[in-house]
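Participant: Okay, here's what each chain looks like letter by letter:
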Amino acid sequence: MSNMNKTIKELHELLKNGEITSEELVKESLEKAHQLQEECNAFVTIIDDANPEKVTDNLLSGIPYGIKDNYSTKGILTTGSSNTLKDYIPYFNATAIEKLNKAGAVKVTKTVMDEFGMGGTGTTGHTGIVLNPWDKTRICAGSSAGSACAVAAGVFPYALGTDTGDSIRKPAAYCGIVGYKPTYGMISRYGVFPFASSLDHLGVLARNVEDCAIVVDEMKGIDEKDMTSWDSKNINLFANLKEETEGKKLCYIKELCDISSYPNADEELRLHLENFHKTIQKCRNLGIEVEEVSVDRKLLNALFSSYIVIYSAEASSNMSNLTGIIFGPRGNADNYIDMIKDHRTNGFSTLIKRRFIIGSYVLQKENMERYFKNAQRIRRLAVDIWKDLYKKYDAVISPVGIGPAKKIEDINKSHDTNTVTLDEYLCIANFGGFPSITIPNGFVNNLPVGVNITGNCFDDSNVLNIAYTLENALGYKNQIAKEVKNNE
Amino acid sequence: MSKYEATIGLELHCELKSNSKVFSPSKNSYDVTPNNNVCAIDLAFPGTLPVVNKECVKKALMMSMALNCKQPEYMCFDRKNYYYPDLPKGYQITQFYNPVGTNGEILINYDGKEVPIKIHEIHLEEDTAALEHLYNTTTLDYNRAGVPLLELVTEPCITCAEEAIAFIETIIGMYRYCDISEVDTKKGQLRCDVNVSIKEVGSNELGTKVEVKNVNSLSNIAKTIDYEIERQTALAEAGQYDEVVQETRRFDEATGATIHMRSKADAIDYKYFPEPNIPPIKIDAQWLEDIRREIPALQNERRKIYTSEYGLDEYDTNIIIKDKKHADYFEKCIEIGIDAKTASNWFIVQILGYLNKNYLDITEFYLKPEDLKVIIDEINKGTISNKQAKEIFTKACDEKVSPTKLISQEDSQISDKNKLEEIIENILNNNQAQIESYHNGKTNLFDFFVGQVMKETRGKANPVITKEILNEKLK
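Residue numbers (our numbering), protein chains in the order written: chain A, 517 to 1004; chain B, 95 to 569.
This is chain A alone, in the form it adopts within the complex (with noise of 0.2 Å):
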């Protein structure tokens, strides 16, 4: 019998009314992970010794759950997926790890990411690749790809996940889940290993809008910690989530979703798009106006970079602190320069550096207005027209990516400006700190592909009923992971 592909809510019930036990559910969840583990290496450290909890009167008692290993844990293991914190035991706990202990959530594992979070494809941990649960071929996309292995896997109804560009949603459109980020700043980031801070969210990955809405309500809330957080006790997720069609209006950005932009365009993303609009034609059906608006085609295309040079140079200062002088492995050399340079060069992946590079590079004084500076105004630009959109619509429709999950040799080839666009530009989200959603719409060629929605900051609630609207009407709601062989 198996509880792990169940609701919160569900789980709640059977756990209230006696007829399965947290304990019960703990083991589960563990055999599960371990399982898992075998086939997909989406877990950092899986906590054996995981306590069940006493169950209450919160949703979220005595469930297990999964835990990005970016997210400080007091006593277990968080490596960021990065060889320069291989042992690195934090003596506190994340504010929103804080937050879930008081709601009596038990944590049963630490999930494989990309190395602090850059690389979106979930092949960069140094524990190895993480490998997408419905094709073992190909990637489940990152940085939070172990949680959203493990979540459509049925490990547990929930993971927690961090989105620096997109690294909740993408994950989650791969691997056919919910991926939500709210609003910057709702969920303090106090204890989370940094990447880029000033794009840098935290969120969950579910199955379904409810359980992303009722984890959430429980993370959320200002932090005396973390200055860039926010009091949002006003907002209630999952008390307000209801069905609502009257009165609301979406667009979709005709450069990105119109099949025409994209001459070269292989099966997969002319597949993808037909059904984005196939979602078009069911929210219209459904009441809710989708209307088509236009976007300067320079400005999106300069999107990905942007994001590139800002990231860049925000993650070479927040990574400066990895020497490891006070913690991580102590580098090997008689003087304190080549100790850093030896735990750096030895604990860094190539892709970190060549980031770390960029960043330098970008912010270095005769480079500084050119890049850094532009890139910083692009993203005011793009902001400033998305608000515009947020005045006349409630939300921003688009597909996630160029189609399912990549093949893991496919992670690299190279496409053309505008399809790179398509893939990347869900970093506007991060651009504006604005909520933002992804919702399985669908299958290409049998795999999973999704649909993101996203609002105007603050608008959460907003945002999630309508994806909560949507979901319901697309039937793709609470799916679990099951292996396809597509023969090629």
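I should point out that these hints are in silico values taken from the structure, not numbers from a laboratory. These figures come from a predicted structure and were not determined experimentally. Treat the hints with care, as some may be off.
[What the hints assert, rightly or not] Some chain A residues judged to face chain B by a derived CB distance under 8 Å, without partners named:
(1) Val708
(2) Thr744
(3) Leu787
(4) Ser833
(5) Asp850
(6) Tyr852
(7) Arg870
C-beta: ideal position from N, C-alpha, C; glycine also.
Based on the hints, put chain B in the right spot on chain A.
Facilitator: Quick look at chain B alone, frame taken from chain A:
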């Protein structure tokens, strides 16, 4: 006279007084035990975030206003990126793009006149850990990491060591008056970078700037400036001015010389960018006004009043205004009606003397200005002598009792003319020989008679009346 003149600019780093550090809840206090006041934030553990200490922002704004700087609309912070073992994050949080104060100017008292010194900017930042280099190892003390620091940068407008010292002393006075910092140089709370260049007298073009980093005491700052002026001038006079290069040097205490550290080519690019973890903090106009009102009258202002209104001399004035608490005490004395000169004398001689002798701070001093007034009033009334007054003063302080009580307990001064005449008559009768000598020209015997009266009355005879009677009787 040299045909060259110096141009000097200063960067003063001063540690602020506060309960906690500028971006973390760790205690901000000098601790001899290393690494006692540290937390995860100070050590840059992954995921920790800075939280700005409002008290530090307030003090920075206060100093910005005291220096007549312009305050920004928002309090913003930036990152200064570089690797050094004393910097756990790999960057220092500072203010680069939008400092808390710009374009200020203050007047300093130098060379008997008021001289303006222009302030380029002042900004709030965090201190680094303290390194101690031992024989073959270096120790790190993170107590200092994250301690609030104000950096003040002058324009290159200072001309010599004496003027620089007068400026720094004024600044130290301001920090202490505003209760922003104790500026204890022994605890390393004040550190100075000195920029020196020379140019031909009258020329508008500045010469090559040499920076001397981390000079830590007033005397070393003066020595550094003098040494650099002399070194650069000697090179210029020898026709070798091209050997003066833009570089960073350090002051070597043992030799009194400055030594090359790094050249401009090795200058670090700090890659400043806005600190994303601290959103810009709007500086509320009302708050600013409230802070402005908290700025006390500073030394210069008080100096003017003391010398022009109270008629004190420069020397006494400087003693009193050195410490705000002293000046406040003195001013209270005047406010309640003690004559300024009398108050100044009593304050400098008796009160400061007593404090020094007993290693006391004025806050621990028992006598209130009102108590002092009681004593001084009694002198003026002629009820007690100066000598008695001093005894009462000391006794009141030692025993922490009100002087009013002591004055009523002590036998008061004998000012009764009849009684004194009687006593003097007796003395004169017993000293006929001395009277004779006096009349024969030994007029200094007058003091002998006064002494006898004092002896007889155990010092309580009113000296003025005593002298009057004696003069009369010895005619």
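Participant: Hint by hint, note whether the structure agrees.
Facilitator: Checked hints:
no.: 1; hint: Val708; result: holds (5 Å)
no.: 2; hint: Thr744; result: holds (6 Å)
no.: 3; hint: Leu787; result: violated (39 Å)
no.: 4; hint: Ser833; result: holds (5 Å)
no.: 5; hint: Asp850; result: violated (10 Å)
no.: 6; hint: Tyr852; result: holds (5 Å)
no.: 7; hint: Arg870; result: violated (17 Å)
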